[in-house]
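Just so you know, the protein sequences line up as chains L and S, in that order. Numbering (the working numbering) for the first sequence: 1 to 663. Numbering (the working numbering) for the second sequence: 1 to 663.
Quick caveat, the hints were computed from the structure, so don't treat them as lab data. It is possible that some hints are incorrect.
[Stated by the list, open to error] Quick look at which bits of chain S chain L covers, simulated, 3 or more residues with Cβ under 8 angstroms: (1) 15-22; (2) 292-304; (3) 333-343; (4) 396-403.
Using N, Cα and C, we set each Cβ at its ideal position, and we do this for glycine too.
There are 2 protein chains.
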Amino acid sequence: MENVDSLLVHGTVVTMDADYRIIPDGAIAIRGDSIAAVGPSADILEAYSAEDVVNCEGHVIIPGLINAHTHVPMTLLRGLADDLRLDVWLMGYMMPTEQQFVNPEFVELGTRIACAEMIRSGVTTFNDMYYFEESVAKATAEVGMRAICGQTILKFPSPDSESYEAALERCRQFIANWHGHPLIIPAVAPHAPYTTTDQILSDCRDLALEFDIPLHIHIAETAQEVSDHREEYEMPVVPWVKKLGLFDAKVIAAHCVHLDRGEIHTLEHNGVGVSHNPSSNLKLASGIAPITDMLKIGVSVGIGTDGPASNNDLDMIEEARLAAFLAKVDTDDPTSLPARTALDMITRMGAKALHIDHLVGSLEPGKRADIAVIDMRRMHNWPVFSRDPNAVYSRIIYAAKSTDVVHVVCNGAWLMRDNILSTLDESILLEQATEVAQEIDTFLIAREGDILSKLLAIGGLEREESFEVQVKAHIDTREPLDRLLAHPDVVVVKQNHYKQYDTYFEFGPPNYERVRYREDDYIDAMGNVENIRTRLTLTSREKEREFPSAIILSRSRFYSPATRPLRFYREYFQAEVEREVSKERLRWHIRYRGKPMYVNLDRLMSPQRDGFFVEVKSRTWSLKDAEEKASMIAEMLAYIGIESDALLKQEYVTLASKLGASA
Amino acid sequence: MENVDSLLVHGTVVTMDADYRIIPDGAIAIRGDSIAAVGPSADILEAYSAEDVVNCEGHVIIPGLINAHTHVPMTLLRGLADDLRLDVWLMGYMMPTEQQFVNPEFVELGTRIACAEMIRSGVTTFNDMYYFEESVAKATAEVGMRAICGQTILKFPSPDSESYEAALERCRQFIANWHGHPLIIPAVAPHAPYTTTDQILSDCRDLALEFDIPLHIHIAETAQEVSDHREEYEMPVVPWVKKLGLFDAKVIAAHCVHLDRGEIHTLEHNGVGVSHNPSSNLKLASGIAPITDMLKIGVSVGIGTDGPASNNDLDMIEEARLAAFLAKVDTDDPTSLPARTALDMITRMGAKALHIDHLVGSLEPGKRADIAVIDMRRMHNWPVFSRDPNAVYSRIIYAAKSTDVVHVVCNGAWLMRDNILSTLDESILLEQATEVAQEIDTFLIAREGDILSKLLAIGGLEREESFEVQVKAHIDTREPLDRLLAHPDVVVVKQNHYKQYDTYFEFGPPNYERVRYREDDYIDAMGNVENIRTRLTLTSREKEREFPSAIILSRSRFYSPATRPLRFYREYFQAEVEREVSKERLRWHIRYRGKPMYVNLDRLMSPQRDGFFVEVKSRTWSLKDAEEKASMIAEMLAYIGIESDALLKQEYVTLASKLGASA
C-alpha cells in the first residue's frame with residue numbers, strides 16, 4: 001500500500017478524459033503536485049493510504065475549471081459603468097479610470113479578489129491579459145492558482161508603458177523572470193490587430209517563439225472591427241494576421257465572434273485555440289460567436305468570462321451554461337452543444353485551447369492535481385436520474401451553481417476546503433477594495449460634476465481666446481452685407497461656404513455648461529459637400545458685457561476635434577437638455593482697418609426663419625482689444641444702416657429653445 | 001410610537017415604486033400581511049417599534065421576486081432528459097413519464113421542492129400551470145408563498161382528466177374552492193391554441209370572466225407552432241385568439257417568441273401580460289422573443305423560468321440577467337433592457353403582467369409585505385461604486401447570485417431567515433424526491449431496454465400476423481412476372497405503384513430488434529406522387545423456417561402510423577446501426593387458387609442493383625396456412641422457371657448492409 005498526500009473518495013468522478021469515463025463511487029489519489037491514481041473507491045483505497053482522506057459522497061469530482069479569457073484586475077472596476085455602448089463604456093469610463101488608477105498595487109489587489117471569486121466557483125486556471133502583468137503573476141502564484149499571464153502590448157501609451165517598445169521590453173523582462181514557474185506561464189498579449197500595428201504583431205510573434213510561450217490576442221470581437229479591417233486591408237482579420245505569421249506562435253484568440261467559415265478552417269489548420277466569451281459578447285451586444293461551426297470543424301474552443309467589468313462576474317458554470325444555451329438558439333437546434341461538450345470546453349478542451357492540455361484539463365494519472373468538488377445534493381439540483389449516462393453533465397451545466405463548489409485543489413495544494421479559502425482572507429480584500437472604489441468614485445464623481453473633466457477624460461482639449469465680440473442682425477436680403485464687404489476699409493481674405501449642424505448639450509447648476517457638437521459640411525463651387533469636419537466646444541455660462549451695438553462675451557471656451565459619432569457624446573454626457581440648430585453659412589474672413597474679423601451670412605434651417613442673419617465676430621485674448629473691436633463693429637453696422645435696436649443679442653441656440661426645438 | 005410586527009432596518013431599500021425610489025439607509029415596517037411604512041431608517045425607527053428588528057446593513061431590500069411562468073411540480077423531472085429536440089423531449093420523455101407518475105402526491109411534493117428552491121432565491125410569487133393544480137395550491141398555501149395556480153385544460157386526455165369537459169369541470173371546482181384565498185389566486189390555463197380547440201378557449205374565457213380570475217396560456221412559443229397556425233387559419237396566433245374573444249379575460253401569455261409588431265400592439269391594446277422565458281427559449285432553441293419591441297410598445301412583460309425540466313432551475317436572478325443579455329444582442333445595442341428594467345420585470349412590471357400589481361411588486365405602504373433581502377457584500381459582488389444611481393440595479397442583475405438572498409418575507413410571514421427555511425424541511429424533501437426519481441428511473445430504464453415499450457410510449461401500435469411467407473428472386477427482365485400474372489389460377493385484385501424509402505434502426509442484444517420507418521410515395525398513372533404514407537414497423541429477430549423454395553418467418557411484428565418526422569425517431573431511438581433501402585415497387589394483390597398473396601416487382605434504387613426482383617409474399621396468423629402457402633409459392637415459381645437455387649433468401653436491408661449502406 002502506497003502512501004500519498006490526499007485521497008478524495010466516494011464521489012462521482014467525472015474524469016473528462018478522452019473516453020469521458022465516469023466512475024460512480026470513485027476516488028482520486030493526490031501525490032505532490034499531481035494525480036497519482038483515479039479509479040473506483042474500493043480499488044484506490046486498497047492501493048493507497050493517506051492521512052488526509054476526504055469523503056466526497058453526494059459530490060462530483062471534476063477537473064478544476066479553466067477560464068480561457070479574462071482581465072482579472074478589473075474586478076476592481078466591476079459595476080462601475082454598465083448598460084452602455086462599447087465605446088462609451090471603454091473610452092468614456094474604463095480607459096480613463098485605468099489610466100488614473102492602474103498600478104502594481106491595484107493589479108495585485110484586483111487579482112487577489114478575482115482569485116477568491118474564481119476558487120469559490122471551482123476555477124483553478126485562468127488565461128489573463130492586462131497591464132503590470134507581473135503583478136497578476138505574483139498575486140496568483142502567492143494564492144496558488146495556475147494562470148497564463150499575458151502582458152498587454154498596445155500601439156498607444158498604456159498604464160504601464162509609455163510606448164509599445166517599452167511595453168515589449170517590459171514583456172520580455174516579465175517572461176524571462178517567470179519562465180519555468182510551476183504555476184505561472186508568462187505570455188505576450190498584443191491587445192488586438194486594430195490596437196496594434198503589423199510591426200507589433202510580428203515582434204510579439206517573435207517573442208512568443210523565442211520563449212515558446214502562448215500569444216494571447218483579441219480577434220474579431222465586433223462587427224465594426226471586422227468591417228473596418230476589411231475596408232483597410234481588403235480581407236478579414238484572420239487571413240491578415242496569418243499572413244503576418246502570427247499563427248507560427250501558440251495563439252489563443254479571444255472572442256472570434258465575427259468569423260466566416262474560411263477563417264474558422266484557418267484557425268483549425270493552424271492550431272489556434274479560441275476563447276468564447278458568451279456573457280461579455282451578449283452584455284456588450286458584440287454578437288453570438290459561431291461556436292457550433294468551430295466545434296464541427298475541429299477548433300479547440302475554451303470559454304472565458306472576459307473581464308469582470310463586462311460580465312460582471314467570473315462564474316464559469318454560468319458561462320458554460322450560457323454557451324450551451326446560445327449555441328442551441330443560434331443553430332435552431334436544442335441538440336447543439338450538449339452539456340458534456342460545455343463541460344469539456346471548460347476542462348479538457350479549454351486546456352487544449354490554451355495549449356496546456358498536457359498539464360491539466362482532465363483527471364488522469366500524471367496530470368497536475370487541479371480538482372474541483374461540487375456538492376450535488378442541493379435542492380436546486382435535485383433529484384438525480386441515472387437512466388441517461390449524460391445526466392451528470394446536464395446536472396453540472398444546467399442546474400449546479402458555482403456556489404455549490406465545496407473543495408478546490410490546485411497543483412496538489414488545497415485552495416478551498418469546505419468552502420473556506422486557504423490562501424486568501426476575504427474580509428481584508430473586501431476592505432481594501434472598498435478603499436480603492438471610494439477613490440475611483442471620488443475621481444469620477446468630480447469628473448461627472450465637471451463637464452470639462454469629462455471632456456478632458458476622453459481626449460485633448462484646446463483652450464480658445466477668452467473674449468468674443470459678436471453682433472447679429474436679421475436682414476431680409478443680402479444687400480446690406482454686400483455693401484459692407486464693399487466698404488473701403490474692408491479687405492476680404494478668404495471666403496467659405498458651408499452647412500452647419502449643431503447639437504447643444506446643456507447642463508444645469510452650478511456651472512450651466514454647454515457642449516456643442518458641430519458638424520461643418522464644406523460646400524464646393526459646384527454645390528457639393530467637399531469636406532466634413534466635426535468638433536466639440538465647451539462653454540460655461542457667459543459673463544456678458546453689453547455695448548451699445550455689440551456684446552462682449554467673456555468665458556472659458558474649449559474645443560477639441562470630435563472623433564466619435566454624435567451618439568457617443570449623447571450617451572456619454574447625458575445632458576439635461578439637448579437642442580439642435582442647423583444653418584447654411586457664407587463666411588468671409590476679413591480685415592477691417594487691419595483687425596481680423598469674421599462676417600457671416602446665415603440662413604437658418606432649424607429653427608426655420610425667413611431671410612438672413614448677418615453676423616460680425618471676432619475673438620481675442622485681450623479685453624482692451626475686445627472693447628476696441630466692439631467700437632469698430634458699431635461703425636460697420638452704422639455704415640450699412642443697421643440700428644442698434646435691430647440687433648439680435650441672443651445666440652441662435654437660444655432662439656432654438658424659444659422656438660421649441662428638440663429638447 | 002406605533003408598534004408593528006417586524007422592522008427591517010439599515011438596508012438599501014430598492015422600492016421599485018413608480019419613481020424608482022432608492023433609500024440608502026432605509027427601513028421597512030411590516031404590520032400583519034402588509035407594509036406599514038417605507039423610509040429612511042432614522043424616520044422609521046422614530047415612528048415605529050417592534051420586538052423583531054432585523055439589521056440589514058450591507059444588504060439590499062427588494063420586493064419579493066415574481067416568477068411569471070412555470071410548472072413547479074416538474075422539479076421532479078429536472079434533468080430527466082436534456083439536449084433533445086422539443087418533440088423528443090416532450091412526447092418521448094415528459095408526457096409518457098407524466099402520464100405514468102403525475103398524481104396529487106407527486107404534484108404536492110414537486111411543488112414543495114420548487115417552493116424551497118424559489119424561496120432560497122428570493123421569489124415570493126409564481127404563476128403556475130400544471131395538472132392537479134389544487135395540489136399545487138394546497139402545498140403552496142401551506143408553505144406560505146403566493147401563487148397564481150392555473151389548472152391545465154387540454155383537448156386530449158391528461159394525467160388528471162379523461163376529457164376536456166372533465167378538465168373544465170375540475171377547474172371550475174378548483175376555482176370555486178380557492179377563490180378569495182389570501183395567497184392563492186386560482187386561474188384557468190388552456191394549455192395553448194394548438195393543444196386546445198376554439199370551443200375550449202371560449203369556455204375558458206367564460207370561466208375566467210365568471211370568477212374574474214386570470215387566464216394563463218402558452219402563445220407562439222415556436223416558429224413551427226406559428227407557421228402551422230398560419231397555414232390552418234390564415235392568420236397568426238394572436239389575432240386568432242383575439243377573434244375568439246380570449247382577451248376579454250385577464251390573460252397571461254407565456255413565451256410570445258414569434259410575434260409580429262401588429263400582434264404586440266394587439267397584446268398592448270388588450271392589456272395582455274406576457275411572460276418572457278429566456279432560459280427555456282434558449283435551451284429548447286425556440287428563439288429569442290422580441291422583448292425590446294414589447295417594452296417600447298408598452299406591453300407589461302414579466303420573466304419566468306418555465307418548468308424546471310426545461311431550464312433546469314428556478315433562479316429568477318439568473319433569468320433576469322439573461323433577459324437583459326439577450327435583449328442587447330438581439331437589438332445590437334448594449335443599452336437595451338438595462339438592469340433597472342430587468343429588475344422591474346421580475347418585480348413591479350412582473351406583477352402587472354400577472355394582473356396583481358395592486359397587491360405586490362413594489363415596496364410601498366399598503367402593499368403586501370412580500371420582501372427579499374440580498375447580502376451584497378460577497379466577493380463576487382464587490383466593490384461598490386456610488387457614482388451611478390443605477391449601480392445598485394446593475395449589482396443585483398449582473399453580479400448577485402440567487403444564493404446571496406438571506407431573508408424572505410411573504411404576506412408578512414418569514415419564509416427564510418438567515419438562509420434557514422421556516423416552513424419546509426429540505427432534508428425530508430430530498431429523501432422523498434429520491435424515491436420518486438428511482439421509480440421514474442426504473443420505469444424509463446425498463447422502457448429504454450425494450451424498444452417495443454419505447455414505441456408504445458409514444459403512440460398506439462397494432463400487432464400484425466405472426467407468420468410471413470416470402471420468396472424473392474432476381475430477374476433480368478419482367479417477362480417471368482408477366483407470365484406469372486397470366487397464370488390461369490391467378491386473379492389480380494388490385495395493382496399499386498409506389499416508391500418506398502425505408503430507414504432501419506437496428507438494436508443489438510438481447511432482442512436484436514429492428515424498427516423500420518417506411519415512406520410510401522404512391523405514384524399515379526401520370527407518374528406523379530399522389531399520396532404519401534409513413535409508418536413504423538417493429539420486428540424482433542426472426543425465427544426462420546426454410547422450405548425448399550420459400551422462407552417462413554415467425555416473428556412478433558407491430559406497426560403504427562409514423563406521425564412524426566424521421567428525424568424524431570432517429571433521435572428518440574438512438575439506434576446502434578441505421579441502414580437505408582429505397583426501391584420502386586409495382587405491387588399486385590392477387591389470389592392464387594383463392595389464397596390472397598402479394599406479388600411485387602421491385603427495382604432497387606439504394607443499394608443500387610440492375611434488373612428486377614420479383615417477390616411473392618403472404619401473411620397469416622396460422623402456421624398451417626403458412627406451410628400451405630409456402631408450397632403454393634413453390635409451384636408458382638416453378639411455373640415461371642425460377643429454380644430454388646436462384647432464390648434470394650435475404651431481405652433487402654441485409655443486402656444494404658452487405659453493400660455497405662449508411663450506418
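Evaluated hints:
1. Only residues whose beta carbon comes within less than 8 angstroms of a beta carbon in chain L count, and the segment 15-22 of chain S has 0; fewer than three means the coverage is violated.
2. Look at the segment 292-304 of chain S against chain L: 0 of its residues bring a Cβ nearer than 8 angstroms to a Cβ of that chain, fewer than three, so the hint is violated.
3. With a threshold of 8 angstroms between beta carbons, the proposed coverage of the segment 333-343 of chain S by chain L holds, since 6 of its residues qualify and at least three are required.
4. Coverage of the segment 396-403 of chain S by chain L holds in this model, with 5 residues showing a Cβ closer than 8 angstroms to a Cβ of that chain against a need of three.
In this structure, the earlier hints numbered 1, 2 are contradicted, and the remaining ones agree with it.
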